[in-house]
Amino acid sequence: LYNVLQVGNAAWKQFLKTVLNFTSNQLNSLLIAAYVLLWLGIMAYKKFFITWSWRSVYVSTTLLNGIFSALQILLIKGITFGLSPFLFALGDDAFADFIGGIQFLPTTIMMVHLCPAGSEGASYAMFTTMSNSAYSLASAFSTLLLGVWDVSKDAMERGDLTGMINLTALTTLIQVSGILFVGLLPRTKEDLSNLHSDPMSGSKIGGFIFLFVTFASVLYSLVVGVLNIVAPGWSGESR
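Each residue of the sequence shown is one higher than the last, beginning at -11 in the numbering used here.
Accuracy of the hints is not assured; some may be wrong.
As the list claims (entries may be wrong) - Derived BS3-like pairs (lysine-lysine); straight-line CA-CA distance at most 25 Å:
hint, residue 1, residue 2
1, 34, 177
2, 177, 5
3, 1, 141
4, 177, 65
5, 1, 65
6, 65, 5
7, 141, 35
Honestly, the hints are just simulated from the structure, not real lab data.
Given these sequences and hints, build the entire structure.
Following this line, the structure appears as structure tokens:
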């Protein structure tokens, strides 16, 4: 549920290119910086946050992610506090990946400890598939949101950025709303180990729901991806 709510602004890259006139080199630089900060986020958790409870890590990183996401509204309005738009965008985009890096290890640790003895490989593969399909579903939702307001290239070229501001605010609220589900996480590895003795552990109904949600999410993401290729604009978004 948390990962599904990490819905991004699918029109953001178009805004950077159309309104701020970012070059391909600048967009690639943002991507490279994001990957570097993702790795730094993983190292930061290992060095500084590994003693924190997982709930504390997720609450703090979710709030930070909301702040950086909201800063995109300032960039849309041209408020960069004297920084160049590129450096300001670098802080917005790249540090979001740094936060994602901090969340990576706790998620992996939880998946490993949930794997039952004797089927570790298959279980871990299923857990990672579930996590990745949730991100794919979030990406599909972000595409659907493009039709809510006019965030087309023509609107951006006209200087009409109202839709971009509204869409950024909406996706920020959706991302931060994931904090409502953090309480479902175990606090530590000890709490996670106690789940194995829970009466619902190994439930066939729970397993069915898990598999149904996983495969349904993958199927939905595939359908949306194919429609975006063969029928651009099918959901009302700009072409």
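Are any of the numbered hints broken by this structure? If so, which, sorted upward? 2, 4, 7
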